[in-house]
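There are 4 protein chains.
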Amino acid sequence: MPGSGYGTIFRLTSFGESHGVGIGGVIEGVPAGFKLDLDLIQKDLDRRRPGQSHLTTSRNEEDKVEFLSGLFEGKTTGTPVAFIIRNKDHRSADYSSIKDSFRPSHADKTYEEKYGFRDYRGGGRSSARETIARVVAGAIAKQFLSDLGVSFSTYVDQIGNVKLNDSSFFIAEAIEANLVRCPDAETAAKMEELIEKIQKEGDTVGGAIRCVVMHPPKSLGEPVFDKLHAELGKAMLSINAVKGFEFGSGFESVAMKGSEHNDLFMEDGNTQTNHSGGIQGGISNGMPIYFRVAFKPVATIMQPQETVGRDGQKMILKPQGRHDACVVPRAVPIVEAMAAMVLFDMYLRTKANQW
Amino acid sequence: MPGSGYGTIFRLTSFGESHGVGIGGVIEGVPAGFKLDLDLIQKDLDRRRPGQSHLTTSRNEEDKVEFLSGLFEGKTTGTPVAFIIRNKDHRSADYSSIKDSFRPSHADKTYEEKYGFRDYRGGGRSSARETIARVVAGAIAKQFLSDLGVSFSTYVDQIGNVKLNDSSFFIAEAIEANLVRCPDAETAAKMEELIEKIQKEGDTVGGAIRCVVMHPPKSLGEPVFDKLHAELGKAMLSINAVKGFEFGSGFESVAMKGSEHNDLFMEDGNTQTNHSGGIQGGISNGMPIYFRVAFKPVATIMQPQETVGRDGQKMILKPQGRHDACVVPRAVPIVEAMAAMVLFDMYLRTKANQW
Amino acid sequence: MPGSGYGTIFRLTSFGESHGVGIGGVIEGVPAGFKLDLDLIQKDLDRRRPGQSHLTTSRNEEDKVEFLSGLFEGKTTGTPVAFIIRNKDHRSADYSSIKDSFRPSHADKTYEEKYGFRDYRGGGRSSARETIARVVAGAIAKQFLSDLGVSFSTYVDQIGNVKLNDSSFFIAEAIEANLVRCPDAETAAKMEELIEKIQKEGDTVGGAIRCVVMHPPKSLGEPVFDKLHAELGKAMLSINAVKGFEFGSGFESVAMKGSEHNDLFMEDGNTQTNHSGGIQGGISNGMPIYFRVAFKPVATIMQPQETVGRDGQKMILKPQGRHDACVVPRAVPIVEAMAAMVLFDMYLRTKANQW
Amino acid sequence: MPGSGYGTIFRLTSFGESHGVGIGGVIEGVPAGFKLDLDLIQKDLDRRRPGQSHLTTSRNEEDKVEFLSGLFEGKTTGTPVAFIIRNKDHRSADYSSIKDSFRPSHADKTYEEKYGFRDYRGGGRSSARETIARVVAGAIAKQFLSDLGVSFSTYVDQIGNVKLNDSSFFIAEAIEANLVRCPDAETAAKMEELIEKIQKEGDTVGGAIRCVVMHPPKSLGEPVFDKLHAELGKAMLSINAVKGFEFGSGFESVAMKGSEHNDLFMEDGNTQTNHSGGIQGGISNGMPIYFRVAFKPVATIMQPQETVGRDGQKMILKPQGRHDACVVPRAVPIVEAMAAMVLFDMYLRTKANQW
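Residue numbers (the working numbering), protein chains in the order written: chain E, 2 to 356; chain H, 2 to 356; chain B, 2 to 356; chain A, 2 to 356.
Keep in mind that a hint or two might mislead.
[Unchecked claim] Estimated spans, in silico, between C-beta atoms of each pair:
#1 B:Leu149 - A:Arg311: 22 to 30 Å
#2 A:Glu253 - B:Gln355: 41 to 49 Å
#3 H:Gly52 - B:Lys65: 32 to 40 Å
#4 H:Pro305 - E:Ala178: 46 to 54 Å
[To be verified] Heads up, incomplete: computed chain A residues facing chain E, CB under 10 Å, no partners named:
#5 Gly4
#6 Gly25
#7 Val27
#8 Thr78
#9 Pro81
#10 Tyr121
[What the hints assert, rightly or not] Derived BS3-like pairs (lysine-lysine); straight-line CA-CA distance at most 27 Å:
#11 H:Lys191 - E:Lys258
#12 A:Lys76 - A:Lys36
#13 E:Lys219 - H:Lys315
#14 B:Lys164 - A:Lys164
#15 E:Lys100 - E:Lys315
#16 E:Lys352 - E:Lys76
#17 A:Lys89 - E:Lys89
#18 B:Lys219 - A:Lys315
#19 H:Lys258 - E:Lys198
#20 E:Lys219 - B:Lys36
#21 A:Lys65 - A:Lys89
#22 H:Lys352 - A:Lys76
#23 B:Lys100 - H:Lys36
#24 E:Lys319 - E:Lys89
#25 E:Lys164 - E:Lys258
#26 H:Lys164 - H:Lys201
#27 H:Lys219 - E:Lys100
#28 A:Lys44 - A:Lys76
#29 B:Lys315 - A:Lys258
#30 A:Lys198 - A:Lys319
#31 B:Lys258 - A:Lys164
#32 H:Lys164 - E:Lys258
#33 B:Lys100 - H:Lys76
#34 A:Lys65 - A:Lys76
#35 E:Lys89 - A:Lys65
#36 E:Lys191 - H:Lys258
#37 E:Lys36 - A:Lys100
#38 B:Lys352 - E:Lys36
#39 H:Lys164 - E:Lys164
#40 A:Lys76 - E:Lys89
Think of the hints as simulated: they come from the structure by calculation, not from any bench. A virtual CB, placed ideally from N, CA and C, is assigned to each residue, including glycine.
With these hints in hand, go ahead and build the complete structure from the sequences.
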């Protein structure tokens with residue numbers, strides 16, 4: 002119940018703080034007898050890690066995952082898979098200035114009010130560094146899904162006002178071809194340019210990520226509250242800085258008519274259009290699942306900002322530390338990880354309920 | 002686990018089908034000793050029920066709630082509150098034609114694939130009639146929240162392309178002043194006009210609902226997966242026909258800079274702006290919570306449509322039955338109910354946080 | 002979380018009070034497409050109901066179950082199965098005298114302290130009448146298990162000091178051959194005699210029930226907290242008046258040596274002895290599962306008793322109402338129902354274990 | 002759902018195997034702002050660890066706990082408390098002989114059947130070494146409970162046929178005064194003698210543990226399935242080698258009459274007797290809670306035993322490794338830990354459900 006767990010059968014319980022010993026998790030419900038490719042897990046961690054390029058924070062964490070249980074002779078045993086990624090490059094001194102003040106649009110004040118005090122070092126538990134645990138669990142889920150023939154295409158489709166006008170499935174090579182993980186070279190170049198400009202201003206900028214899932218299993222999703230898209234939505238909204246979620250036709254459907262929006266069937270049972278985003282009545286129909294996630298600009302900017310101290314006194318918060326002008330490219334593996342966790346958990350739930 | 006339950010402490014388990022005995026639920030975790038106003042519950046059911054006006058379906062259900070347990074001498078006893086709303090006006094004959102075919106963009110085919118067969122009468126469990134149970138649970142949650150000083154303003158802010166350009170808190174009288182539940186008379190008139198036009202075409206149209214919550218308790222929301230807005234998002238996305246959810250600055254934040262988006266503190270601890278939508282780091286900060294929900298046009302249209310039968314053969318689905326050209330005005334109490342359920346459950350969860 | 006639900010996939014949420022509208026429940030996770038035999042369900046209810054014989058309370062409830070959802074054309078649909086058994090013979094007047102006092106060894110005082118007030122009519126939610134809901138859910142679980150070849154033998158093996166010295170599997174006919182549900186005619190006669198004697202004294206007496214499950218599926222039970230016998234134990238201990246649970250060699254194992262207690266394997270993989278009670282490391286091994294449940298004498302006696310009123314004042318509680326001198330024979334279907342619920346839920350949970 | 006988690010608000014998810022990296026856990030729901038005494042936690046680990054005396058296994062583990070998250074400046078932060086105890090003295094070679102055979106009355110065969118293969122080193126996940134995680138979580142729960150005035154007296158009350166005829170609350174000094182943790186010196190001496198004799202025979206022997214909880218909070222326990230004693234029972238039965246559980250009058254109540262068994266009230270609201278074991282209707286009444294747990298003799302004996310190999314072939318299992326002739330004295334802190342986890346979780350649940 003307390004909020005650090007996700008999933009019902011395939012379930013991650015995560016732990017750890019930005020500047021503590023490390024970030025880790027325990028994954029229950031990993032089916033037994035599966036040969037895990039540990040390199041693939043590390044690869045996703047590398048896609049998430051800071052310090053990848055000049056566009057990202059210079060906090061330089063290796064983020065090597067260490068498995069603590071649940072594997073034997075390279076295979077899953079059916080028992081909990083625990084892991085930790087130790088924090089290395091944490092210069093706690095950097096954060097001492099925020100000990101007695103609250104950074105605007107961060108969780109500093111809400112954590113302090115909720116818990117009576119807070120681990121102020123780098124955001125503590127509220128730091129986006131927590132998402133490492135999700136990437137590990139998602140990378141494991143993806144390997145099972147891959148065995149079922151499922152593939153993911155997750156990419157940046159907007160940074161600030163620069164938007165990609167294409168919602169296709171793109172292959173990994175196209176997405177990873179540039180620093181912003183936008184599969185269209187021209188749009189990607191504009192995005193990079195924008196981020197560099199924002200970076201120079203000491204400011205930050207938001208963005209959006211699209212995820213397209215090909216060949217998902219049918220029948221995923223549980224009526225009526227645990228609809229597949231409801232779980233996907235919760236999973237995405239739980240990622241730091243996310244402000245919105247839409248699937249299929251999304252917010253555009255508001256202005257559509259039923260006669261335009263309805264997905265008529267073909268004789269093979271597939272649909273001619275896919276405004277439903279592969280989900281009807283909360284249950285996957287086998288068509289591609291696609292959705293889009295909105296990220297706000299991150300709150301830490303390299304400009305002086307007004308703020309208040311613990312006792313309400315006005316203060317000026319000076320910029321310091323190392324921060325991304327735009328986290329959205331690094332959030333791509335996180336969105337994909339959460340999508341994989343949801344789909345795989347739903348797959349196992351569906352299996353359990355069949356006679 | 003199986004999907005018909007929502008909430009962890011204040012928890013609704015719902016049951017029932019469109020054309021079975023009725024729709025009902027069991028609510029666990031209702032604190033004891035609270036005097037429930039049953040009329041207020043019925044009032045919300047009346048706001049949701051079909052046949053309210055010429056704009057809605059003529060299925061004429063009284064939708065009277067009957068409580069089965071959990072109340073004694075007018076007060077909650079702390080034990081499960083069970084209830085049922087019996088189905089009265091169900092003309093099963095109307096639906097026999099869809100027995101062997103699948104309606105486009107409905108759950109007919111996905112239910113049949115998931116469960117092997119389906120209750121084809123009016124959508125069975127996938128019918129939006131199921132939302133009655135949510136309205137009852139939400140109406141109970143609202144009474145507890147009202148005791149804490151919380152108030153809700155939930156209204157239609159878009160139908161098709163007609164959009165309200167105001168996201169304020171409006172009083173109930175303004176919202177209920179017209180058939181579309183849009184608090185601006187002029188916009189409301191345009192919306193009504195649009196719905197009448199769509200109705201004549203035998204078509205349907207989408208819309209959006211905004212919800213503004215004033216004076217919410219602080220500290221609601223659990224890091225890291227059960228962030229308050231993640232739970233609100235899941236709750237909204239679980240409502241039939243919902244395609245998107247955004248809170249605070251939402252999708253607009255994508256194109257904003259951090260320096261614009263950050264909510265600077267005032268000396269009283271409140272913030273000058275509220276792009277955060279009252280939620281920071283997943284936890285409420287006491288500022289108004291607001292969010293917006295996108296509804297697609299409903300799938301049942303009064304026009305002939307191509308479809309396929311159980312064996313894949315092409316068929317023409319003839320329009321019949323009684324359906325809303327736009328369900329969004331009737332969805333207002335449902336959105337409000339789910340919001341109340343989430344907030345009250347989170348309130349109870351929060352009680353165990355500090356020592 | 003709040004305590005009126007049992008099971009994770011096959012999950013009953015029960016509701017209702019002794020003297021309210023009725024007792025009922027919602028069962029989630031019932032696999033779809035299964036033809037339920039409603040007569041078998043009613044038959045188990047009849048085995049539990051009061052007024053079966055001169056040995057039981059004369060409260061004469063028909064206890065007819067009415068299904069509210071989840072069935073279509075006689076088959077389960079995969080959606081929640083809700084049901085209610087209406088209370089008919091409730092003479093509330095009988096209970097008014099206990100309104101302001103607390104009956105010894107009942108839940109009157111603890112409910113009042115926990116909830117601030119209580120539904121004093123016949124124990125309200127704490128009444129053993131609540132077990133009706135379990136019998137319905139268990140009778141459904143038994144039909145699925147029966148399809149898997151599982152059979153149950155549940156019988157009274159002790160009343161007061163009269164003990165059956167046989168722990169075999171007995172057929173239903175033997176068990177149902179007498180009023181006390183003890184499969185040995187001679188022992189049964191002694192038990193009946195004892196109960197009649199106790200009844201004349203206006204007193205009550207305890208007893209024990211043994212349950213033997215033949216041909217259980219292998220691999221049921223989840224390490225490490227949800228061991229099969231731990232779930233069985235919780236399920237049994239949750240039944241009113243239960244004070245103890247033991248499985249396999251049980252409390253006798255305390256005085257045994259490992260060399261005597263170990264169950265050596267045979268070449269077919271079965272074991273020569275079965276001190277393990279069919280469960281090793283918390284997981285079923287396919288051998289018969291057997292356990293024993295201790296019931297205290299029920300608290301309501303037909304003798305005047307000292308008690309205290311709400312303000313602590315001494316009072317004499319006069320005997321009244323209609324009560325069983327020994328509830329153990331009527332508890333047989335309840336024990337069996339809970340066992341079936343646990344085993345079937347565990348069976349569904351197990352489906353997700355291997356890849 | 003998958004079985005390695007216990008509790009609803011105060012919730013331990015445990016991980017690890019006997020011969021892997023270590024044993025650990027994540028505890029969610031630890032209230033914030035509490036100063037933890039880490040020495041007290043280590044002290045309970047020391048009471049559980051092997052190699053304490055000549056009566057226990059010579060596997061010599063230090064069992065030092067390392068905290069990975071959830072603490073800041075010595076206090077709990079309200080975020081998950083993760084920890085690990087690394088395995089040090091694991092001589093995997095010792096166990097290679099059991100790779101292809103199944104030890105009698107162990108979990109070897111059931112794990113292999115459930116998961117398709119198994120970590121055969123020292124029992125893997127089924128090893129009682131897993132209980133370390135419980136001791137840590139329980140030691141934390143005990144500190145909160147101690148703050149509420151609760152105290153525990155947990156001791157061995159039977160080994161083989163040597164039984165203590167006293168069920169009082171004994172102080173820690175009396176219990177820890179001897180190697181068998183039986184608070185009566187004379188009985189303890191007989192128990193030690195018996196264990197030494199059994200040890201020489203290369204055999205093992207069972208035993209029983211009693212736990213008495215003084216000054217428990219009132220109102221713990223949730224009707225109807227999560228009765229306090231049902232949760233205690235599940236918790237105890239989930240401990241390796243446990244075969245039975247009884248509380249209050251337990252199995253003796255079977256032969257009692259209601260007029261003897263009922264606990265009459267005193268004017269102060271307490272009861273004259275306490276056959277109820279401090280729990281009425283599943284809810285604590287403030288009187289001492291007491292229960293008793295039966296342990297079978299452990300399965301690993303130092304004598305040759307018949308067994309079968311993976312393909313059913315007969316084999317002789319030769320004794321080896323290092324094992325306890327009686328684990329019951331070392332199980333005392335485990336029983337106490339699980340009791341504390343249940344009581345504290347129930348305390349938080351009760352808090353969350355109050356208006």
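Verification of the supplied hints:
| no. | hint | in the structure |
| --- | --- | --- |
| 1 | B:Leu149 - A:Arg311: 22 to 30 Å | 26 Å, holds |
| 2 | A:Glu253 - B:Gln355: 41 to 49 Å | 44 Å, holds |
| 3 | H:Gly52 - B:Lys65: 32 to 40 Å | 34 Å, holds |
| 4 | H:Pro305 - E:Ala178: 46 to 54 Å | 47 Å, holds |
| 5 | Gly4 | 7 Å, holds |
| 6 | Gly25 | 6 Å, holds |
| 7 | Val27 | 5 Å, holds |
| 8 | Thr78 | 5 Å, holds |
| 9 | Pro81 | 4 Å, holds |
| 10 | Tyr121 | 9 Å, holds |
| 11 | H:Lys191 - E:Lys258 | 16 Å, holds |
| 12 | A:Lys76 - A:Lys36 | 4 Å, holds |
| 13 | E:Lys219 - H:Lys315 | 22 Å, holds |
| 14 | B:Lys164 - A:Lys164 | 24 Å, holds |
| 15 | E:Lys100 - E:Lys315 | 15 Å, holds |
| 16 | E:Lys352 - E:Lys76 | 21 Å, holds |
| 17 | A:Lys89 - E:Lys89 | 25 Å, holds |
| 18 | B:Lys219 - A:Lys315 | 22 Å, holds |
| 19 | H:Lys258 - E:Lys198 | 12 Å, holds |
| 20 | E:Lys219 - B:Lys36 | 25 Å, holds |
| 21 | A:Lys65 - A:Lys89 | 10 Å, holds |
| 22 | H:Lys352 - A:Lys76 | 19 Å, holds |
| 23 | B:Lys100 - H:Lys36 | 20 Å, holds |
| 24 | E:Lys319 - E:Lys89 | 25 Å, holds |
| 25 | E:Lys164 - E:Lys258 | 26 Å, holds |
| 26 | H:Lys164 - H:Lys201 | 21 Å, holds |
| 27 | H:Lys219 - E:Lys100 | 21 Å, holds |
| 28 | A:Lys44 - A:Lys76 | 19 Å, holds |
| 29 | B:Lys315 - A:Lys258 | 23 Å, holds |
| 30 | A:Lys198 - A:Lys319 | 21 Å, holds |
| 31 | B:Lys258 - A:Lys164 | 16 Å, holds |
| 32 | H:Lys164 - E:Lys258 | 16 Å, holds |
| 33 | B:Lys100 - H:Lys76 | 16 Å, holds |
| 34 | A:Lys65 - A:Lys76 | 19 Å, holds |
| 35 | E:Lys89 - A:Lys65 | 23 Å, holds |
| 36 | E:Lys191 - H:Lys258 | 16 Å, holds |
| 37 | E:Lys36 - A:Lys100 | 20 Å, holds |
| 38 | B:Lys352 - E:Lys36 | 19 Å, holds |
| 39 | H:Lys164 - E:Lys164 | 24 Å, holds |
| 40 | A:Lys76 - E:Lys89 | 23 Å, holds |
The structure agrees with every numbered hint stated previously.
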